[in-house]
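Trainee: The listed protein sequences correspond, in order, to chains A and B.
Those letters in the first sequence? Residues 1 to 141, per this note's numbering, in order.
Those letters in the second sequence? Residues 1 to 275, per this note's numbering, in order.
Treat the hints loosely; a few may be bogus.
[Stated by the list, open to error] Here are the simulated lysine to any residue pairs, SDA-like style, with alpha carbons at most 20 Å apart:
1. A:Lys-4 <-> B:Ile-88
2. A:Lys-104 <-> A:Phe-52
3. A:Lys-96 <-> B:Ile-85
4. A:Lys-86 <-> A:Thr-67
5. A:Lys-4 <-> B:Ser-70
6. A:Lys-45 <-> B:Pro-171
7. A:Lys-40 <-> B:Gln-82
8. A:Lys-87 <-> B:Pro-60
9. B:Lys-224 <-> B:Thr-169
10. A:Lys-87 <-> B:Lys-220
11. B:Lys-158 <-> B:Lys-224
12. A:Lys-8 <-> B:Gly-36
13. A:Lys-8 <-> B:Ile-85
14. A:Lys-8 <-> B:His-121
15. A:Lys-40 <-> B:Lys-158
16. A:Lys-40 <-> A:Thr-67
17. B:Lys-220 <-> B:Glu-202
18. B:Lys-201 <-> B:Thr-169
19. B:Lys-71 <-> B:Ile-107
20. B:Lys-178 <-> A:Ala-41
21. A:Lys-86 <-> B:Thr-52
22. A:Lys-8 <-> B:Asp-35
23. B:Lys-224 <-> B:Ile-272
24. B:Lys-137 <-> B:Asn-256
25. B:Lys-178 <-> A:Ala-17
26. B:Lys-71 <-> B:Cys-28
27. A:Lys-40 <-> B:Pro-97
28. A:Lys-45 <-> A:Gln-30
29. A:Lys-112 <-> B:Asp-22
30. B:Lys-158 <-> B:Phe-181
31. A:Lys-4 <-> B:Lys-260
32. B:Lys-158 <-> B:Glu-89
33. A:Lys-4 <-> A:Gln-30
34. B:Lys-71 <-> B:Ser-43
35. B:Lys-79 <-> A:Glu-37
36. A:Lys-4 <-> B:Thr-169
37. A:Lys-8 <-> B:Asp-13
38. A:Lys-45 <-> A:Gln-72
39. A:Lys-71 <-> A:Ala-17
40. B:Lys-137 <-> B:Gly-160
Since the hints were made in silico from the structure, they are not lab data.
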Amino acid sequence: MAKKIQSKFKLIIPAGAANPSPPVGPACGQRGVNIMEFCKAFNEKTKDKAGFKIPVIITVYSDKTFTFETKQPPASDLIMRAANIKKGTDNPILNKVGSISKAKLDEIVDQKIADLNTDDRDMAAKIIAGSCRSMGVEIVD
Amino acid sequence: MNEEYYELIITTDESYTEAVADAAALLCDDGIEIDGNNIIVRSENDLSHLQTQLEEITTPLKIDINFTLSKKANSDWMKQYQASIEPIEAGEFYIFPSWHEPKTGKINITIDPALAFGSGHHATTAGCLEMISNYVKLNDNVIDVGCGSGILGLAAKKKGASSVDLCDTDPLAVESCKENFQINNETYNTIWEGSANNASKEYDVTIANIIADVLVMIAKDLKKITKTGGLLILSGILDKKEALVTEAYNDLKLINRKLKDEWVTLVYQKEIDVK
Numbered sequence: 001m002a003k004k005i006q007s008k009f010k011l012i013i014p015a016g017a018a019n020p021s022p023p024v025g026p027a028c029g030q031r032g033v034n035i036m037e038f039c040k041a042f043n044e045k046t047k048d049k050a051g052f053k054i055p056v057i058i059t060v061y062s063d064k065t066f067t068f069e070t071k072q073p074p075a076s077d078l079i080m081r082a083a084n085i086k087k088g089t090d091n092p093i094l095n096k097v098g099s100i101s102k103a104k105l106d107e108i109v110d111q112k113i114a115d116l117n118t119d120d121r122d123m124a125a126k127i128i129a130g131s132c133r134s135m136g137v138e139i140v141d
Numbered sequence: 001m002n003e004e005y006y007e008l009i010i011t012t013d014e015s016y017t018e019a020v021a022d023a024a025a026l027l028c029d030d031g032i033e034i035d036g037n038n039i040i041v042r043s044e045n046d047l048s049h050l051q052t053q054l055e056e057i058t059t060p061l062k063i064d065i066n067f068t069l070s071k072k073a074n075s076d077w078m079k080q081y082q083a084s085i086e087p088i089e090a091g092e093f094y095i096f097p098s099w100h101e102p103k104t105g106k107i108n109i110t111i112d113p114a115l116a117f118g119s120g121h122h123a124t125t126a127g128c129l130e131m132i133s134n135y136v137k138l139n140d141n142v143i144d145v146g147c148g149s150g151i152l153g154l155a156a157k158k159k160g161a162s163s164v165d166l167c168d169t170d171p172l173a174v175e176s177c178k179e180n181f182q183i184n185n186e187t188y189n190t191i192w193e194g195s196a197n198n199a200s201k202e203y204d205v206t207i208a209n210i211i212a213d214v215l216v217m218i219a220k221d222l223k224k225i226t227k228t229g230g231l232l233i234l235s236g237i238l239d240k241k242e243a244l245v246t247e248a249y250n251d252l253k254l255i256n257r258k259l260k261d262e263w264v265t266l267v268y269q270k271e272i273d274v275k
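Build out the structure end to end from the sequences listed, making use of the hints.
Mentor: Here's what the structure looks like:
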């Protein structure tokens, strides 16, 4: 059917745990998105990613129907999970807080490449490696 | 749910939005919203510590960033959403969400706006509903091509069609359609994921609320599945694209046209067999 976009916005929310409280309630409710339908569909789609925060882009059409597209968790989340750390460093040059293997880096690249502005795997690997460095996470063989 | 919640709006240059949003998402347990170059964090917990942490990270970077922290009244967001959705009337039909009551003297259809298009609130849906109200007769065989929520097929069935087929290329629409028929205690004949060329019979009325370019692309299929003497109700046509559609269907007889907002609904009759 004919669709005309009324608004588009992005949320980053815990996988499998969307509910009508803030931030989902006000963000969706104020734009006329059926909150329960969104929570139900989002939770179903992300239930296998528990523990991650998932970026989701919601498009609202002029008849108040909507669609949403989930992205992979932020690279920093994936890196912390792989390095088994809770946060990055406050000084990436002096304080290294963890490390990941090249194989783990490759796994993160596989997950994130669709969300990065490149089809070039080497470029994607450089972007993720840069995120690792800025978080104080070393890449080891 | 607390009576109040905290809202922290972080405004920064668009080129830094993603990075700042990622940092905010890492530092707080709650979700965040990104709208243009605004990052909005809403939480029932105090967010002043988050502002401090983000200031510590961003100050050395000397980027232009602004924080606005406020307390807001919490609300029953479901009720607020529900209050924003009004029933609509089109022809004989009364389309209402499940939290409203049906209306006496009307053909009632319950549709909650959800993931599949077709809540009745768009001019194209309303235009089709009016034409269904005028042209679908008792015992007609009807097909709804690009059915979305199934609202138009439902309307045809409630108007007296003996058999309704539906199709959509979007699997979500097919599921939504099945649910809406069940909610409205109606039955369809067949529903499939795919296009009109999978239809195996001819129909008295073919309804297609898609978009002009697709209506042109599938014109041959829509004409083929419509019986000689049958009708095509076409919508989803922006007025500036109407000429494209009328040209593609110029071998049929135009019997009605309705313009609502900038959207056109056309009704054609297939007088003779056309290829």
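Trainee: Now look at each hint and say whether the structure bears it out.
Mentor: Hint by hint, here is what the structure shows:
1. A:Lys-4 <-> B:Ile-88: 19 Å, holds
2. A:Lys-104 <-> A:Phe-52: 17 Å, holds
3. A:Lys-96 <-> B:Ile-85: 53 Å, violated
4. A:Lys-86 <-> A:Thr-67: 33 Å, violated
5. A:Lys-4 <-> B:Ser-70: 33 Å, violated
6. A:Lys-45 <-> B:Pro-171: 15 Å, holds
7. A:Lys-40 <-> B:Gln-82: 17 Å, holds
8. A:Lys-87 <-> B:Pro-60: Satisfied, since the Cα-Cα distance of roughly 19 Å is no more than 20 Å.
9. B:Lys-224 <-> B:Thr-169: 19 Å, holds
10. A:Lys-87 <-> B:Lys-220: 60 Å, violated
11. B:Lys-158 <-> B:Lys-224: The given pair, whose Cα atoms are some 25 Å apart, is violated under the 20 Å limit.
12. A:Lys-8 <-> B:Gly-36: Holds. Lys-8 (chain A) to Gly-36 (chain B) sits at ~9 Å (cutoff 20 Å).
13. A:Lys-8 <-> B:Ile-85: 19 Å, holds
14. A:Lys-8 <-> B:His-121: 18 Å, holds
15. A:Lys-40 <-> B:Lys-158: 29 Å, violated
16. A:Lys-40 <-> A:Thr-67: At roughly 13 Å apart (the allowed maximum being 20 Å), Thr-67 (chain A) and Lys-40 (chain A) satisfy the hint.
17. B:Lys-220 <-> B:Glu-202: Judged against 20 Å, a Cα distance of about 13 Å means the pair holds.
18. B:Lys-201 <-> B:Thr-169: The hint holds at about 19 Å.
19. B:Lys-71 <-> B:Ile-107: 46 Å, violated
20. B:Lys-178 <-> A:Ala-41: 16 Å, holds
21. A:Lys-86 <-> B:Thr-52: Cα-Cα ~19 Å, so holds.
22. A:Lys-8 <-> B:Asp-35: Given pair Lys-8 (chain A), Asp-35 (chain B) holds - Cα atoms ~8 Å apart, limit 20 Å.
23. B:Lys-224 <-> B:Ile-272: 11 Å, holds
24. B:Lys-137 <-> B:Asn-256: 16 Å, holds
25. B:Lys-178 <-> A:Ala-17: Measuring from Cα to Cα gives roughly 27 Å; hence the hint is violated.
26. B:Lys-71 <-> B:Cys-28: This hinted pair holds, its Cα atoms lying about 17 Å apart.
27. A:Lys-40 <-> B:Pro-97: 18 Å, holds
28. A:Lys-45 <-> A:Gln-30: 23 Å, violated
29. A:Lys-112 <-> B:Asp-22: Holds: Lys-112 (chain A) and Asp-22 (chain B) sit about 14 Å apart, inside 20 Å.
30. B:Lys-158 <-> B:Phe-181: 11 Å, holds
31. A:Lys-4 <-> B:Lys-260: Between Lys-4 (chain A) and Lys-260 (chain B) the Cα gap is close to 14 Å, so the pair holds against 20 Å.
32. B:Lys-158 <-> B:Glu-89: 15 Å, holds
33. A:Lys-4 <-> A:Gln-30: 18 Å, holds
34. B:Lys-71 <-> B:Ser-43: Holds: Lys-71 (chain B) and Ser-43 (chain B) sit about 10 Å apart, inside 20 Å.
35. B:Lys-79 <-> A:Glu-37: 14 Å, holds
36. A:Lys-4 <-> B:Thr-169: 18 Å, holds
37. A:Lys-8 <-> B:Asp-13: Holds, because 19 Å separates the two Cα atoms, which is no more than 20 Å.
38. A:Lys-45 <-> A:Gln-72: 12 Å, holds
39. A:Lys-71 <-> A:Ala-17: The hint holds at about 16 Å.
40. B:Lys-137 <-> B:Gly-160: 6 Å, holds
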